[in-house]
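J.: Sequence:
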Amino acid sequence: MARHSVRSEAVQALVQGFLIPFYLENRSVTATAKRLNDVLASEGDTRPIHVNRIQALLSDDVARGVNDLTLELVKKAAAILVHRGWAEDRDDTAFEFANIAEQAGPLLVQDGAEPEDIARTIGIPVAVLAAALGRRVPAPHKTSTRVLGNRPVSSPSATSDLRPDWSYQDTAVARCLDAFRRRPSGKVGLVLPTGAGKTRTALRIILEVLARAPSPTSRVVWVTHRHTLRTQAFRELNKLLAADPASLPPDVLKLATRIRFVMVGEIADLLNEDTRPALVVIDEAHHAAAKSYRPIFEAIAAFPVLLLTATPIRTDRLPIGIDEIAFTITYRELAERNAILRPQFETISVETFNWTDADLTNLVDLLINETMDRFTKTLVLVNRVDQLMRFHEAFQRRLSAEKDHSLTADDVGFIHGGGNSHGVSNEDFVDLFAGKPRALLISAQLLLEGFDDPAINAVVITYETNSVIKLMQAAGRCVRYAPGKRQAFVVQADNPDLAYRFDQRWLYQEIDDYLRPRLVDEDFAGPDDLRAKVQSLLQAHRVAAPQAAVAMRALNGLAPGEAPRLLFYGHPYFGDPGRFADEARWGVFVETPANSALFREVFNRFSLSGAKHSDPTEYLDTIGPELGLERDTRAGSLWRQFVELLTAAFWAREELYDTRGPAQAGRPGGRLSASSWLTYAAFHHRLDLPPALEAFLVDCHNRTTVANAYLTDRNDVAAVLKSDLPLGGSEAVPLDAPTVLALTAWLNDMRHELRSLDPTAQLAEYARLTATRPWPPLPFAHASRLDRLLSDTGRDRQLLVLTDRRKDVA
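Quick note on numbering that gives the first Met the number 0: the sequence shown kicks off at 0 and runs consecutively.
To be clear, the hints were calculated from the coordinates, so they are not data collected in a lab. Mixed in with the good hints there might be a few duds.
Calculated pairs, DSSO-like style, for lysine-lysine (alpha carbon to alpha carbon, straight line, at most 27 angstroms) [unchecked claim]: (1) Lys-238 <-> Lys-484; (2) Lys-435 <-> Lys-484; (3) Lys-253 <-> Lys-238; (4) Lys-435 <-> Lys-402; (5) Lys-435 <-> Lys-238.
Derived Cβ-Cβ restraints for the label pairs, each shown as a range [claimed, not checked]: (6) Val-81 <-> Gly-43: 17 to 27 angstroms; (7) Gly-320 <-> Pro-773: 51 to 61 angstroms; (8) Arg-630 <-> Ile-299: 41 to 51 angstroms; (9) Thr-355 <-> Lys-435: 29 to 39 angstroms; (10) Ala-544 <-> Val-261: 54 to 64 angstroms.
Just so we're clear, the structure is a prediction, and the values are computed from it rather than from any experiment. By construction, the Cβ of each residue, glycine as well, lies at the ideal position given by its N, Cα and C atoms.
Let's have the full structure, built from the sequences with the hints guiding it.
T.: Okay, here's the thing in structure tokens:
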């Protein structure tokens with residue numbers, strides 16, 4: 000049977016004229032293949048079009064081809080659809096192309112950007128990307144040169160490794176320690192997505208807390224609700240200690256013995272003991288609202304609590320007891336740092352989640368095809384044991400009929416709470432599965448917490464759930480970094496929230512996220528910096544001058560340390576979708592501490608009601624009296640601002656969940672992205688310090704003063720010295736380059752004098768030398784304690800030479 004290159008003229012006519020618009024309508028390769036097969040079956044043709052054939056057609060890869068039968072079947076299905084009127088209903092194609100082009104824009108200008116990587120990041124085939132950009136995006140072999148725009152880009156090997164940037168963990172450690180400095184008994188949240196190193200980062204925080212604790216017997220308690228999580232935390236501690244990175248405090252092995260890993264049922268007895276813990280850590284803290292955790296939150300003795308989670312919400316949307324989220328990061332940011340892979344989302348089309356024989360056959364066909372190539376290690380998640388057994392039997396039966404498949408029967412297994420396919424303990428089974436280079440595991444949801452196998456690159460979610468937490472945990476199983484791993488796939492029922500969650504951070508006790516606002520986070524160092532950044536955002540959103548002036552005046556009422564939040568809401572736009580980002584106009588609501596409670600009550604109630612009021616004046620008239628919000632139709636009034644804001648919220652709901660109406664005509668938004676109607680910008684007062692300096696100053700009472708000195712004139716601060724205070728904590732002093740040179744010379748001379756002496760004589764000789772020699776040019780309180788810098792350990796802990804100034808003090 001003849002084969003045709005997917006770049007041949009005949010194939011491209013079919014791809015460009017039919018298959019790409021049809022793919023955009025169905026939103027995944029899997030759904031596209033299923034619908035084509037359904038169309039053929041409706042006319043009595045049961046010959047299948049396999050998913051991998053559609054993938055080849057949309058690959059835009061000259062090295063791939065399809066046979067005559069595939070072309071015949073796709074052409075036949077297209078003819079049937081056109082005859083039924085399909086070609087008359089393709090108005091959304093331009094909008095989808097504009098949305099893709101907007102998403103691809105920032106990626107096109109990045110160094111090393113490749114078509115396949117850009118397409119994978121957006122979650123579409125390369126041919127669809129090329130069509131959206133209006134030009135060919137070649138995808139030749141591994142070592143050739145690709146043309147992206149007008150710039151040639153060398154293509155690395157598919158197995159080449161991109162080194163992850165883990166420095167965000169340093170920032171997370173510093174910010175959590177700073178939060179505990181400001182809130183000695185606070186409930187501090189650390190929100191890191193699955194695969195970001197949440198356990199490792201928390202253990203580093205614990206070791207720093209123990210190193211700074213005034214008592215050498217103080218302890219930290221790590222609390223979890225699953226044995227698998229406790230085991231995972233203990234293993235991660237051992238891995239951290241074995242690695243022995245320079246970022247860990249001295250005597251780390253001794254410090255580690257003061258960490259207790261316990262189940263939540265044991266915590267009440269531990270807290271009744273006489274010794275107050277230096278820190279309590281709650282793993283998977285979205286469970287912390289359960290009754291079993293009450294002893295932690297109701298304890299009489301005050302102690303700090305670190306709450307770890309990837310998903311800081313409960314299914315009932317109530318808070319989980321966090322006073323402050325010290326650090327969070329999105330999957331998108333992690334992917335940009337190569338710390339995780341951004342998965343490609345693909346959709347399962349099923350009639351019901353009871354999995355009819357036909358639906359199960361389609362899923363098994365998909366898995367048989369994909370595990371030969373893209374899915375190297377696959378986790379199939381189910382929520383019922385009977386379905387688990389059906390899936391396992393169906394896959395094994397189909398696998399036995401395949402010749403030369405990359406999986407053997409022994410590579411396919413199942414696990415649930417009552418056992419597994421190998422008849423060993425579940426813990427041993429998980430270890431066995433983790434050791435296989437290629438495998439397929441069908442699992443109940445018990446593995447969603449505490450399971451860690453970075454080699455998994457595909458997750459298939461076979462159940463319907465309203466729990467975004469469970470979906471995120473499931474999807475997170477395949478995104479972890481592993482050497483040589485370049486792709487990750489999430490196959491699921493159509494759930495737009497999942498893709499949105501990978502690109503945006505979690506909103507915690509802020510506005511409701513039903514309408515999926517685009518989120519912007521800005522740090523600012525002081526009032527002038529805040530005003531400049533707010534002004535920049537107002538200009539970028541083309542807010543009308545009178546409203547922008549009102550927004551800027553609202554900043555005048557902020558107290559030191561307070562920060563605003565801006566909700567930008569879109570005005571109707573009917574221009575070219577490709578020009579939306581440059582031409583669309585917005586309004587803005589400035590949320591401040593003075594109006595925050597009212598604003599969130601109005602917006603969140605509207606969202607929870609489904610945002611279905613096209614005329615929000617009726618909604619405001621209903622809830623306004625109880626909230627103290629009176630009808631006021633004057634331009635610029637608070638009531639009028641809410642009307643405009645909620646009108647945009649209504650259009651956001653239509654964009655995301657309903658049929659696209661005339662108001663969406665010029666907008667590039669899609670159901671799998673953030674809304675194009677709402678942008679929520681949060682500002683955070685943070686000093687822009689290097690992570691090393693931020694961590695060094697975390698226990699210093701004068702941290703802000705020293706940080707401001709550094710920020711005022713970075714060239715004048717070559718190093719920072721800190722001295723321990725008698726009752727705990729430290730005091731820091733910035734040093735210029737000449738002072739560092741003088742200090743270094745003084746320390747070297749003193750070490751030279753003392754090194755040859757017996758330890759019994761060193762203290763007396765040090766006293767004699769300091770009484771007869773001049774001190775370095777330091778404040779006496781610091782100079783009198785320089786003996787602590789004579790050892791290498793003390794010098795590393797109490798003197799920080801800033802990286803960009805090392806040449807000046809060498």
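J.: Return the numbers of the hints above that this structure violates; sort them in rising order.
T.: none
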